[in-house]
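Chains as they are written, first to last, in the working numbering: chain A, 1013 to 1208; chain B, 59 to 247.
Be aware that a few hints might be false.
To be clear about the criterion: a stretch of chain B counts as covered by chain A if any three or more of its residues have a C-beta under 8 Å from a C-beta of chain A, and this derived list gives those stretches [what the hints assert, rightly or not]:
1) 82–91
2) 102–116
3) 155–162
4) 174–184
5) 227–239
Below, a sample of chain B positions facing chain A; criterion: calculated Cβ distance under 7 Å [to be verified]:
6) L98
7) M99
8) K146
9) I149
10) Y205
Just so you know, the hints here were simulated from the structure itself, not pulled from any lab data. Yeah, the Cβ is synthetic: ideal placement off N, Cα and C, and Gly gets one too.
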Amino acid sequence: MISKFQNKNRIQSKTKNYILSLFVLLITSIISSLGGLSFQGIESIITKVLPIIVIFPSLNDLMGNFAIVFSSKFSTWLYEGKIKEKYAFDNKEMKRLLREISIAGFQFSAIISFLGIFISAIVEHQLNIVSSLKVFLISVAVVEILILFLFIIISVLGLYLFKKNKDPDEILIPLSTSLADFLTMVYVASFVLLLF
Amino acid sequence: MSSQESSSNSELKEILLSGRISILIDILNGSVITLFREVLMSVPGVFILIPGFIQLRGSIYSILSSNISSEIALGNIKIKDGKLSNTKRLIKELTKTSITSIVISTFLGIFSYFALLFTLKIAYPLIIPIAIVGSIISSLFLSIFMYFLILKAIKKGLDLDIISGPIITSLSDLIGTSCLFITALLFII
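Please construct the entire structure, taking both the sequences and the accompanying hints into account.
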């Protein structure tokens, strides 16, 4: 009888967890799709700038990975007691992490934009120097601005969640990755509108 | 060099390796999108559908690979001569993941339809079946890819948690995008 009851409880708990993860997946996917709205109105411009289309998935993935690194490191340092300041930006460890990620971000965004320009030149059989420089600028600017933005958001939100006795990992990682997706699209669309 | 340092170096190598492979797959994904740019122009709502569609696949297949990695570590799934012994459990996990993917993709299709309708005043109901069929096809391909990727990683003695995450997310982007574009193309021909 007890085992039946335990079994029922386990199934209920599993179902509850499954529904919760379905809900989280749906919400994060919708947040990502909301970013796509910024592209929908300007598809005629976007599709003309081939390197942007080529580099876009890489930029999105890169920012998602940086968001995961920021979130998990921040949570770990909070639990270890390394972050005690009122504002996390004054923390030595966080400043070092921001510097390292900014350097890595610059390197990766430069490589990604060169690859994008190269592939587009092969597809289009031509290379426009001015347009290529603009793509390089967009790639680096989007990555560096977003790194700073994510750093501030994750620090503020992480501290708030920690003070409220909630595990920052559980909320920060899914939220920051979908926010990174959304903002990458908004920033890329804004820069393309501005420069092309 | 201490064993801890050597383990940390090996982890770093695996992280860098998977990061590089991931960027290359992403660039390939971008190239696929350029090949299908006519679809982007002629199917309204695809720009809205794609980011969520890709994010979803990345998330659920990363969860799946992480779950399988844990099951292997716990001994629930055993490897004998480079083959997974408990394939029933693996197939069950793959089926669950595919069903989840199809259910959420349906909601994403509906969301894209209404987002397009409310923002640009364009009614394009075909975006819903495109999302569903695209999801079914990509789930099928991704499940097969996942199975072989896991086997390969195990044979090579790589840490499944480190190597499969970035590669799976990038591969799911590539396969998901390709399947979605091919489906959209089939619907508009």
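Hint check:
Counting residues of the segment 82–91 of chain B whose beta-carbon sits less than 8 Å from any beta-carbon of chain A gives 6, enough to reach three: the coverage restraint holds. For the segment 102–116 of chain B, the stated coverage by chain A is satisfied: 13 residues place a CB nearer than 8 Å to a CB of that chain, which reaches the threshold of 3. Note: the segment 155–162 of chain B has 3 residues with beta-carbon separation from chain A under 8 Å; the three-residue rule is met and the coverage holds. A count of 3 residues in the segment 174–184 of chain B with a Cβ less than 8 Å from any Cβ of chain A is obtained; the coverage claim is therefore met, three being the minimum.
Coverage of a stretch by a chain is defined here by at least three residues with a beta carbon nearer than 8 Å to that chain's beta carbons; for the segment 227–239 of chain B and chain A the count is 4, and the condition holds. Taken as an interface hint, L98(B) checks out: its beta carbon lies about 6 Å from the nearest beta carbon of chain A, inside 7 Å. Checking M99(B) against chain A by beta carbon gives a least distance of about 6 Å; that is within 7 Å, so the hint holds. At its closest, the beta carbon of K146(B) sits 18 Å from a beta carbon of chain A; the interface hint therefore is violated under the 7 Å criterion.
Here the hint on I149(B) is broken, as its CB sits about 18 Å from the closest CB of chain A, past 7 Å. Because the closest C-beta pair between Y205(B) and chain A is about 22 Å apart, greater than 7 Å, the hint is violated.
In summary, the numbered hints that this structure violates are 8, 9, 10.
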